[in-house]
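Visitor: Work from the hints to combine the two standalone chains into their complex.
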Amino acid sequence: GNSVTQMEGPVTLSEEAFLTINCTYTATGYPSLFWYVQYPGEGLQLLLKATKADDKGSNKGFEATYRKETTSFHLEKGSVQVSDSAVYFCALGATGGFKTIFGAGTRLFVKA
Amino acid sequence: DVKVTQSSRYLVKRTGEKVFLECVQDMDHENMFWYRQDPGLGLRLIYFSYDVKMKEKGDIPEGYSVSREKKERFSLILESASTNQTSMYLCASSPPWTGGYEQYFGPGTRLTVT
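One line per chain: the protein sequences are G and A, in this order.
Be aware that the first sequence starts at 1, since it is given in this note's numbering, and climbs by one per residue.
Be aware that the second sequence starts at 1, since it is given in this note's numbering, and climbs by one per residue.
Bound-form chain A, shown alone (with noise of 0.2 Å):
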């Protein structure tokens, strides 16, 4: 079985905190994803990652930035929490024959900001 782990189930940090989000797969895939899960406002993509290094902006990358320095972990930062990015995180991971799409998720990291 697929197995993606996130670092923390949940987390709470102070306004301007630097926040590291971590997240491991043991499939050897090459694309990875960072999600936020919001109510009403389904899965919307932050970042993705299709290969070591290398990283592409989703819909929602302002005030995130993120870190894929080996193939099986992809990091998501958060320079400065905020407020608003109180929020569910979710990582997940694909295969490349499946072009990206047929992912597999991590159980999600419960960030609250105050």
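One chain only, chain G, in its complex shape (with noise of 0.2 Å):
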């Protein structure tokens, strides 16, 4: 079936270091790939989406790669803020619609 696994955290950083959350999926046929991201006290938002191999989605400094050949779809980004602390979750929008599986999610703190 189709699954979301990805790194488990909490992941601390220093404000500006390099940000890589892991996150790999098991699918079939051509799913949508997500990252969303839950600030403290809110709701989940959209931050990035690939729908084809290759794709890179890129939104406010975060990016991430869609890589068919490994199945995976790792968050990035080069200097991470203070605000930036919050839970990432990686998804997969399943082929034939209406279904995204999450993954557990990863909370990111970062230290001033």
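It is worth saying that the hints were derived from the structure and are not from the lab.
Just so we're clear, the structure is a prediction, and the values are computed from it rather than from any experiment.
Wrong hints could be hidden among the right ones.
[As the list claims (entries may be wrong)] Here are some chain G residues the structure puts well away from chain A; computed CB gaps all over 12 Å:
| id | residue |
| --- | --- |
| 1 | Phe62 |
| 2 | Gly78 |
| 3 | Asp84 |
| 4 | Val110 |
[Unchecked claim] List of simulated lysine to aspartate or glutamate pairs, DMTMM-like, C-alpha gap at most 20 Å:
| id | chain 1 | residue 1 | chain 2 | residue 2 |
| --- | --- | --- | --- | --- |
| 5 | G | Lys99 | A | Glu62 |
| 6 | G | Lys68 | G | Asp55 |
| 7 | G | Lys99 | A | Glu17 |
| 8 | G | Lys52 | A | Glu30 |
| 9 | A | Lys3 | G | Glu42 |
| 10 | A | Lys71 | A | Glu102 |
Where is the CB? At the ideal position from N, CA and C, for every residue including glycine.
Guide: Given below as structure tokens:
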């Protein structure tokens, strides 16, 4: 079946450090891939997406590339800020519509 | 901006009570979803609806029901609340041209059942 596995947290970084949060998936067909972010006390927000192999999604300095050969969609940011502290969810849009499969989430703490 | 609102941020109920969680979206989206969020488990889909009066079971529908009488409103009902339903409940909506994947979430309702 479809599933998403992302690295366990928490991840703690100093401001301006490089961020990578790993995400791999299992799916039939050609799913769409997403990263959502949840700031403290809020619901999830769509951060970026990629709909086909080799697509790169980007937003607010974050990037992720859809790698079909490694079934991965790792989230990266070159220089994190304290305001990036949040929980990040990798997600997969299953072929056929409607069902989005979420990973368990990775909590990021950024220290000043 | 899309706005999804949920009726309560925090709710405390007793075991056996009937609980209603309300969700309203203002963007005329066809698709609406209810999830529960638990630490280490991510989000799990309870029910979704792709049109008024239409509903589909998600991965964990047991102990829950839903109602969608109007396009903008999607209600989650716990018929007889139990302590294992203590959780964060998130509502989301999605426009049809995204296949239901790009979802806009409300702030969540943290429900405690004692």
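Visitor: Beyond 12 Å from every Cβ of chain A: is that where the Cβ of G:Val110 lies?
Guide: holds (21 Å)
Visitor: Has the given pair, A:Lys71 with A:Glu102, been kept, meaning a C-alpha gap of at most 20 Å?
Guide: holds (18 Å)
Visitor: Holds or violated: A:Lys3 and G:Glu42, Cα atoms, limit 20 Å.
Guide: Holds - the C-alpha atoms of G:Glu42 and A:Lys3 are around 13 Å apart, at most 20 Å.
Visitor: With the threshold set at 20 Å, check whether the alpha-carbon distance from G:Lys68 to G:Asp55 stays at or below it.
Guide: Holds: G:Lys68 and G:Asp55 sit about 10 Å apart, inside 20 Å.
Visitor: Could you let me know if the closest chain A CB is still more than 12 Å away from the CB of G:Phe62?
Guide: holds (16 Å)
Visitor: Can we confirm that no CB of chain A comes within 12 Å of the CB of G:Asp84?
Guide: holds (19 Å)
Visitor: Given the hinted pair G:Lys99 and A:Glu62, is their alpha-carbon gap at most 20 Å?
Guide: Roughly 18 Å separates the two Cα atoms, so the pair holds.
Visitor: Are the Cα atoms of G:Lys99 and A:Glu17 separated by 20 Å or less?
Guide: At roughly 30 Å apart (the allowed maximum being 20 Å), A:Glu17 and G:Lys99 break the hint.
Visitor: Is it the case that G:Gly78 keeps its Cβ farther than 12 Å from each residue Cβ in chain A?
Guide: holds (25 Å)
Visitor: Is G:Lys52 close enough to A:Glu30, meaning Cα to Cα at most 20 Å?
Guide: violated (25 Å)
Hint violations for this structure: numbers 7, 8, all remaining hints satisfied.
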